[in-house]
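Letter by letter, the chains look like this.
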Amino acid sequence: MGTVLNIAPVSRIEGHAKIAIHLDDAGNVEDAFLHIQSLRGFEKFIEGRPAEEVPRIVNRICGICPWMHHLASNKAVDGAFGVTPTPTGHKLREMCQVMAHINDKILHFFFLAAPDFVLGPDADYAVRNVIGVVKAAPELATQVVKMRQLGQMMLDKFAGKAIHPIAGVVGGFAKPMVESERQELLAGTRTLLDFACYALDFAKNNVFAKYMDTIGSLGVIKTGFLGTVDRADGAFRLYDGKQRLMKADGSYVDFEGVDYADYLGEHVEPWAYSKMPYAKSWQEGFDMNLDAPKGIYRANTLARINVCDKMSTPKAQEAFEEFRAAFGRPAQATLLYHYARLIELIYACERTIELLEWEGITDTNVRAKVEPKAGRGVGIVEAPRGTLIHDYTTDANGCIKSANLIVGTTHNIAPMNMSVKQAATSLIKNGVYNEGLLNQVEMAVRAYDP
Amino acid sequence: MGVRTALEWLGSCSGCEIAILNIGEALIPIITEALEIVHAPVLMDHKYFGQCGEGLTLEIPEAVVGIVTGGVSNHEHLEVLEEMRKKCTVLIALGTCATHGGIPALMNGQDQKKSWEEIFQTITTDPGAKVPNIEVPAPLDRVYACDEKVKIDMQLPGCPPNPALIAEVIVSLLEGRPPVLPGKSVCDTCPTKREGKGAVSKVKRFITNAEFTAGEPISEMRCLLEQGYMCMGPVTAAGCAKLGAPSCISARVPCRGCFGPVRKDGNQLLDMMNALASNGIDFSSVTDRRSLLRFSGAHGMLKPVKKRVEEEES
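Residue numbers (my numbering), protein chains in the order written: chain A, 1 to 450; chain B, 451 to 764.
Possibly wrong hints are sitting among the right ones.
[Claimed, not checked] Straight-line Cα separation of at most 20 Å, EDC-like style, residue types lysine to aspartate or glutamate; simulated pairs:
1) K692/B <-> E181/A
2) K537/B <-> D591/B
3) K401/A <-> D561/B
4) K429/A <-> E504/B
5) K692/B <-> E475/B
6) K135/A <-> D576/B
7) K280/A <-> E483/B
8) K753/B <-> D591/B
9) K135/A <-> E483/B
Hints were generated in silico from the structure; no laboratory data involved.
Put together the whole structure using the sequences plus the hints.
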């Protein structure tokens, strides 16, 4: 029995995890695990709650993507109560969801991931962080902080709360948008779009070009992909659409959210609280074997960019074409998640502007008539970390009878374990390891933004 | 060098950490000059078991200021919290999970063991799956607020806490003075129009929007409780207001109590029942009364019921 290296906590991610690398007597990697440390039980403690209250309870699943849970939940309650939101209510929700993506991507790329690239994976841990970035590149850092703050405060001001939102309601939205708010949001989003284009250029020149070798090797695995596309033309979608499940060979099936349980299953390992979703419909079971994985697909940015046929907005489409020409479909390199994330950042800005320019956006009919009742609803949105599924059944009083949640991050738990093992095995040989190498193993996790 | 500071998160969602970031540009001098951050899993790579993971005991560096978010629901949270207490001179509990249990303490109203088993038996979970128990921290018997487990020097609730108040707590500590924090209720900071006790005898669920004119200031809207909605403003600590009105009210949505009770040891359920009764409102019209404790279920406030809500509804 050799040594176990406990990399705990995995840092600069948004949850609680540790990596355990098991070395054999010769100091080579025998096995490696990403242990997910936390379980809170949302599926159970929302039972009995009035369903219309649940969107403002489940947002606490994640303080970084609370809008995603808030809105997937609202969509599920709409379904259970059999109500269709008014067109304006629907678009106001989408606008908030897409805006929340903007802030999330700025946060992840610049605050959490960038230190590895700007300061280098081997930099001392005391400086390899956002504080180090602020000191090394103060102008860029100040701009990043300003842009993220702009996005957050726009949401905060319009919707009351950017973190743990309350403005989405069953049937639509809690308040209409007035013209002065529309103008202010438009101006802010145009500024953010300029920044998004700058961010992609910056990353192409200073990160992706420089780290091309690492991108081609670190944490690379071969899997399928899951995302959401437009029902009519297969274009990239974040708020609404059909789900597309692609195999590693590029073939795919499309399905409607309500049928998710026919396509996806959840595997459980005794060493992680998080379940591990897999493609049940492939009928090959579940296996994380690096050479011959079974049932394994990935979600989140790279997956969405892989499964869609095109982007519906011009600047994002331009970036998408360049990406696809360079890396093919599906692109498998794990660090390309960062690249895909910045293409999504551009889309999110362009889509927000599109929604704000829609003529009905300031209509005051923002909420449809709602009657609590028994039913079932499945609400799906694309969260930054992957396809987010809320499935509720209500009783005659409109309270939750049962709930099933598949949270974005969990789609990538099995793939992250594979990437960790791939990275650890290729980096650690004959007992030789150091902080820089171990940080590279963490970088393979960070790319997934868990 | 700045004041040595350590940050930790226990059973949390990272919303408190995002609230810290929402201090915005003013945060830059705080984290680069005023403070020296020595440990913070969300932002930097200091490790518990040494930087190469070879150590056997969990260690956090010594610090003057410690900030803890999240409640205490498993043995690892407890170990981390105790280590923070040991290594930090001043320990701050940030956010409602840390101060009152927060949303995760809703689990205290359930049979925890049975609930966890059922989580691994949903329609999509592989048949035969068991609750994981290898290399993952075992749960405690319930979800605790931090001050139930260690001495806490300062409490700042909020879900999320208000960035301006987080900055005030940090700056006041650096300046060696007590922080200026609101001590009132959400209602005391709410500009909506109150016209006195009205014809409301029952509260209604929030399935219709409030009555107001789009674009008019909040001060032109009638109090949501007076409009007949369940609003927990009377029994909830103030502090959420950022742009002149409590956050939810500014979105024309009633308060659900996310800053916890007005007095630290208040009971939001009992206090709200009293507030409704004294206004002549029938408190049995509240659907799911236990969820009035949804933010403050630690400290033994929320307990499992044997027979589901039936006895309460009678």
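Checked hints:
Proposed proximity of K692/B and E181/A is supported: the alpha carbons are some 17 Å apart, at most 20 Å. The suggested pairing of K537/B with D591/B is violated, with an alpha-carbon distance near 26 Å, which exceeds 20 Å. With a C-alpha separation of about 16 Å, the suggested pairing of K401/A with D561/B holds against the 20 Å cut-off. For a cut-off of 20 Å, the pair hint linking K429/A to E504/B stands: about 17 Å separates their Cα positions.
Distance hint between K692/B and E475/B is fulfilled; the C-alpha atoms sit about 17 Å from each other, no more than 20 Å. At most 20 Å may separate the alpha-carbon atoms for a hinted pair to count; K135/A and D576/B exceed this at roughly 49 Å. At roughly 52 Å between alpha-carbon atoms, K280/A and E483/B are farther apart than 20 Å, so this suggested pair is violated. Distance check on the hinted pair: K753/B and D591/B sit about 11 Å apart at the alpha-carbon level, within 20 Å; holds.
About 10 Å separates the Cα atoms of K135/A and E483/B, which keeps this hinted pair within 20 Å; it holds.
The structure is inconsistent with the numbered hints 2, 6 and 7, although it conforms to all the rest.
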